[in-house]
Amino acid sequence: MSAEQERIKQMVDDILKNTKTEADKILAEAKEQTEEILQRGQDAAEKEKSSILETETKKVTEIEKQQIASINLQARREILQKKEEEIQKVFDLAKTELMNFPKKAAYAKVLEALVIEAGVAVAGGAISIKARKEDLAKIKDLTSIEKAITKACGNKCSLKISKETINAMGGVVCQTQDGTITIDSTFEARLEQKYRAIRTEVAKLLFG
Numbered sequence: 001m002s003a004e005q006e007r008i009k010q011m012v013d014d015i016l017k018n019t020k021t022e023a024d025k026i027l028a029e030a031k032e033q034t035e036e037i038l039q040r041g042q043d044a045a046e047k048e049k050s051s052i053l054e055t056e057t058k059k060v061t062e063i064e065k066q067q068i069a070s071i072n073l074q075a076r077r078e079i080l081q082k083k084e085e086e087i088q089k090v091f092d093l094a095k096t097e098l099m100n101f102p103k104k105a106a107y108a109k110v111l112e113a114l115v116i117e118a119g120v121a122v123a124g125g126a127i128s129i130k131a132r133k134e135d136l137a138k139i140k141d142l143t144s145i146e147k148a149i150t151k152a153c154g155n156k157c158s159l160k161i162s163k164e165t166i167n168a169m170g171g172v173v174c175q176t177q178d179g180t181i182t183i184d185s186t187f188e189a190r191l192e193q194k195y196r197a198i199r200t201e202v203a204k205l206l207f208g
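In this note's numbering, the protein residues as written are 1 to 208.
Just so you know, not all the hints are guaranteed correct.
Cross-link-like lysine-lysine pairs, in silico, BS3-like; alpha carbons within 25 Å at most [claimed, not checked]: (1) K104 to K89; (2) K138 to K156; (3) K147 to K109.
Quick list of simulated restraints, FRET-style, between CB atoms [said to hold, decoys possible]: (4) R196 to E164: 42 to 48 Å; (5) T150 to S70: 57 to 63 Å; (6) I79 to A105: 37 to 43 Å; (7) A108 to E188: 29 to 35 Å.
In case anyone wonders, no lab produced these hints; they're calculated from the structure. C-beta: ideal position from N, C-alpha, C; glycine also.
Hey, can you work out the whole structure from these sequences and the hints?
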C-alpha cells in the first residue's frame, strides 16, 4: 500500500472513529433525556396515584362518618321511641287514676286550689268558673276562695259559677269577665302540659 493510500485510510478511520464517538455521545444524551422523561412521568404518575388515593381515602372516611352519624341518629330515635312508649304508659296510668279521683273526698279541695291558682294567674278581678255539672255543688265557699286570691295577688277578686258546664275528667276552666284570658285547669289540660314537657326534656337529653 502506497503512502498516499495509507494516509487516506487513516483519514477514513479517523472520520469513522469521530463519527462513532459523536454517535455514542448523542445516544448517551438521548438515553439520559429519555430516562429523565420517564422518571418525571413516573414521579407524576406516583403523585397522581397518591392524590387519587388521598381523595378516595377522604371519600371513604366521609362515608364512614356519615354511616356512623346515621346509625347514631337511628339509635337515638329508637331510644326516644322507647322512652315515649314508657312515658305514654305512665300517663295512661295517671289518666286512669285522675278519672277516678273525683270520687274521692279530697277532690273538692283540689277544685278550690285550682280556682285559686287560676285567680292568682290572672291577677284577680271578676272571674267566671266553669266546671263539670256534677262538680258544681263541690265549689261551695266562693267567699273564702275570693279572699285567698285577693290576699295572694293584692287585687280584689269576685267569682261566679258559670251556667256553662264542661266535659272533662275533672278540674275547672276559669275565665276573666271580659273573656280575654282563659285558664284551662282541667285534668286533661294539666296532663297534656306535663306530657309535652317530659317529652321535650327527653328529646333534649337524646339530641342535645
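Here is what the structure says about each hint:
1. Of the supplied pair hints, the one linking K104 and K89 holds, its CA atoms being roughly 23 Å apart against a limit of 25 Å.
2. Taking the CA atoms of K138 and K156, the gap is near 23 Å; set against the 25 Å cutoff, the hint holds.
3. Simply put, K147 and K109 have alpha-carbon atoms about 15 Å apart, close enough for the 25 Å limit, and the pair holds.
4. Our hint of 42 to 48 Å for R196 and E164 is violated, since their Cβ atoms are close to 27 Å apart.
5. In this structure, T150 and S70 meet the distance hint of 57 to 63 Å, their C-beta atoms being roughly 59 Å apart.
6. For the hinted restraint 37 to 43 Å between I79 and A105, the CB-CB distance of approximately 42 Å keeps it satisfied.
7. In this structure, A108 and E188 break the distance hint of 29 to 35 Å, their C-beta atoms being roughly 19 Å apart.
The earlier numbered hints that this structure contradicts are 4, 7.
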